[in-house]
Amino acid sequence: MTAAIAADGISKAFHTGLWGPAKQVLTDIDLQVASGAIFGVLGPNGAGKTTLISILATLLRPDTGRATVLGFDVVREAARLKERINLAASGAHFLWCLTVEDNLKFYGRLYGLGGRRLRDRVASLLELFGLGEFRQTTFERLSTGLKQRLALAKALINDPELLFLDEPTSGLDQDMAQHIREEILRLNRETGVTMLLTTHNLREAEMLCTEVAFLKQGRLVTGGRIPDLQKRLGLGDHLSLHFQDSPAPLDYARLPGVLTHRVADSRVELVLDRADERLPAILEAIFLTDKKLARIKVKPVDLEEIYREVTH
Amino acid sequence: MKLPTSFYKFWAFSVRSTMVNRRNVFAVFEMLFWPLIGIFSVGLLTRFLNLKADTVSFILIGAVTMNTVQIAQLDLSYALLYSVWSKSLKHEFIAPINLSHILVGSGLVGLLRGFLVFVIMGALSIFFFDMDLGKPGPDGLLWFLLGMFLNAAIIGALVLALVLRFGQRAEVAAWAFSYLMLLLCGLYYPISVLPKSFQVLAHFIPLTYFLDYFRHFYGFPLAWPHPLLYGFGQSVIYLFLSYGLVSLTLRSAYKRGTLLRLSD
Numbered sequence: 126m127t128a129a130i131a132a133d134g135i136s137k138a139f140h141t142g143l144w145g146p147a148k149q150v151l152t153d154i155d156l157q158v159a160s161g162a163i164f165g166v167l168g169p170n171g172a173g174k175t176t177l178i179s180i181l182a183t184l185l186r187p188d189t190g191r192a193t194v195l196g197f198d199v200v201r202e203a204a205r206l207k208e209r210i211n212l213a214a215s216g217a218h219f220l221w222c223l224t225v226e227d228n229l230k231f232y233g234r235l236y237g238l239g240g241r242r243l244r245d246r247v248a249s250l251l252e253l254f255g256l257g258e259f260r261q262t263t264f265e266r267l268s269t270g271l272k273q274r275l276a277l278a279k280a281l282i283n284d285p286e287l288l289f290l291d292e293p294t295s296g297l298d299q300d301m302a303q304h305i306r307e308e309i310l311r312l313n314r315e316t317g318v319t320m321l322l323t324t325h326n327l328r329e330a331e332m333l334c335t336e337v338a339f340l341k342q343g344r345l346v347t348g349g350r351i352p353d354l355q356k357r358l359g360l361g362d363h364l365s366l367h368f369q370d371s372p373a374p375l376d377y378a379r380l381p382g383v384l385t386h387r388v389a390d391s392r393v394e395l396v397l398d399r400a401d402e403r404l405p406a407i408l409e410a411i412f413l414t415d416k417k418l419a420r421i422k423v424k425p426v427d428l429e430e431i432y433r434e435v436t437h
Numbered sequence: 690m691k692l693p694t695s696f697y698k699f700w701a702f703s704v705r706s707t708m709v710n711r712r713n714v715f716a717v718f719e720m721l722f723w724p725l726i727g728i729f730s731v732g733l734l735t736r737f738l739n740l741k742a743d744t745v746s747f748i749l750i751g752a753v754t755m756n757t758v759q760i761a762q763l764d765l766s767y768a769l770l771y772s773v774w775s776k777s778l779k780h781e782f783i784a785p786i787n788l789s790h791i792l793v794g795s796g797l798v799g800l801l802r803g804f805l806v807f808v809i810m811g812a813l814s815i816f817f818f819d820m821d822l823g824k825p826g827p828d829g830l831l832w833f834l835l836g837m838f839l840n841a842a843i844i845g846a847l848v849l850a851l852v853l854r855f856g857q858r859a860e861v862a863a864w865a866f867s868y869l870m871l872l873l874c875g876l877y878y879p880i881s882v883l884p885k886s887f888q889v890l891a892h893f894i895p896l897t898y899f900l901d902y903f904r905h906f907y908g909f910p911l912a913w914p915h916p917l918l919y920g921f922g923q924s925v926i927y928l929f930l931s932y933g934l935v936s937l938t939l940r941s942a943y944k945r946g947t948l949l950r951l952s953d
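The listed protein sequences derive, respectively, from chains P and X. Under the numbering used here, residues 126 to 437 are what the first sequence spells out, in order. Under the numbering used here, residues 690 to 953 are what the second sequence spells out, in order.
Please keep in mind that the hints were generated in silico from the structure rather than gathered at the bench. Where a beta carbon is used, it is the ideal one built from N, C-alpha and C, also for glycine. Certain hints may be false.
As the list claims (entries may be wrong) - Covered by chain P, per the in silico footprint, the following chain X stretches (three or more residues, Cβ under 8 Å):
# : region
1 : 698-704
2 : 784-796
3 : 940-949
Could you put together the complete structure from these sequences and hints?
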């Protein structure tokens with residue numbers, strides 16, 4: 126599969142004031158994003174996510190390194206690249222006194238759309254994002270959720286091949302955030318548009334992203350497909366064993382595939398390298414002790430654990 | 690007919706400026722109220738001082754010029770300030786536009802608004818103060834208007850550069866720049882009354898020459914043999930320089946992260 130984004134050794138520092146010291150924000154970032162993927166850049170606040178997305182979106186020049194997006198160099202071929210990309214950011218901000226329709230038309234014109242093409246495009250986006258009844262409402266009168274929907278609609282005005290989503294659900298209530306996530310998935314599924322998404326909401330990344338990368342203090346600490354990361358980091362599945370009375374008297378640490386274990390009252394918590402492979406042997410060992418199990422629960426490792434692992 | 694995509698990019702900024710002006714009661718206020726105050730306060734002062742007709746014309750030309758240039762430069766100066774105030778700057782600059790789209794698109798609306806102010810003030814001058822603004826004829830009016838609009842464009846471009854460098858704090862510059870220029874170019878007085886060092890500065894302001902050219906139709910002798918040549922020559926040079934300055938500031942904004950900071 127061709128890479129929609131390829132970054133090589135990207136670094137960026139910001140100076141405070143004219144002669145102030147430089148603060149390193151990104152250091153030597155290498156990144157590959159496959160065409161058609163939804164790629165998540167994760168990290169705590171201040172990790173450099175927005176800086177990275179801004180460099181790739183041609184809004185900021187890197188100090189060193191090189192990046193291509195859709196095959197175009199983000200610095201030297203920015204003008205041609207801008208035709209093919211777009212951005213939706215958290216806390217949507219547009220001109221307060223323009224209506225929803227006027228804002229979309231303004232951005233449409235910036236991409237060279239006009240006449241019937243512009244009218245049709247705006248009409249289809251208003252319909253797609255359920256903004257039809259608000260077309261004549263000025264931006265300042267929209268609710269936060271509607272503003273965010275407008276931000277997404279604006280991001281699609283030029284039918285981009287690659288979309289940058291900078292914390293697209295930040296500040297939205299649960300229902301609206303979920304709605305936006307479903308829209309993102311639908312867009313990716315139906316149009317095949319590649320998306321680079323930054324978030325610190327791990328559940329969101331888990332739901333949306335095919336691949337993730339973790340940023341910590343401006344450095345890319347790890348990345349890849351979520352199951353691959355699990356394997357690489359030695360993070361396993363969670364196995365909860367609830368016994369009817371007391372736990373089976375076993376040396377749990379010596380059971381096959383056990384990475385960590387914890388015994389509490391009638392419950393034993395194990396972290397296994399691979400639950401599907403190890404479960405039969407563990408259950409057999411318990412069976413031999415004559416202890417009765419009340420309940421078994423298996424939970425695959427989640428992104429939050431990977432996040433904890435790589436950012437602490 | 691299929692228009693080139695660039696046309697729509699210019700048009701985007703023209704339409705936006707028009708809409709903001711139309712929907713903002715203060716913008717309408719700004720365009721009508723101050724010019725009215727300007728022409729009446731200056732006109733009534735000349736009446737109180739019992740000045741001769743040619744001196745009244747001299748001063749009223751200054752009042753008309755000041756308001757025309759002020760209003761004409763506003764749309765250009767505000768072109769980026771609208772984006773800074775609405776924190777949408779990054780959305781504009783992620784689009785495939787260049788500086789000329791912003792400058793020409795917004796500048797055209799400024800030109801139209803400036804022209805409207807000139808016509809209104811001219812009509813009021815004729816009606817209330819017997820000063821014939823049409824005396825120089827179509828050619829004289831055209832050159833003078835063109836000169837004023839070029840000066841407005843230079844001020845607007847310089848303000849754009851300041852906005853890209855300093856953000857909202859540069860708002861005050863939108864007014865300060867033009868007032869400073871107008872003070873030095875001999876708006877209500879011949880530049881010979883300025884202190885010597887300021888007279889030298891006045892020679893570097895194109896509007897000085899355009900005022901000199903326009904006033905000669907009202908019987909005032911030309912201070913320079915070819916005022917239009919000096920005026921347009923300087924204007925073209927300054928326009929190129931200010932365009933270069935805005936381009937450099939934009940390049941620096943891409944490096945320093947100013948576009949992002951102004952969108953936060």
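Within 8 Å of chain P (C-beta), three or more residues of the region 784-796 of chain X: holds (count 5)
Whether chain P covers the region 940-949 of chain X (at least 3 residues having a Cβ closer than 8 Å to its Cβ atoms): Coverage by chain P holds for the region 940-949 of chain X (6 residues, Cβ < 8 Å).
Cβ contact check, 8 Å cutoff: the region 698-704 of chain X against chain P, three residues minimum: holds (count 4)
In terms of the numbered hints stated before, the structure departs from none.
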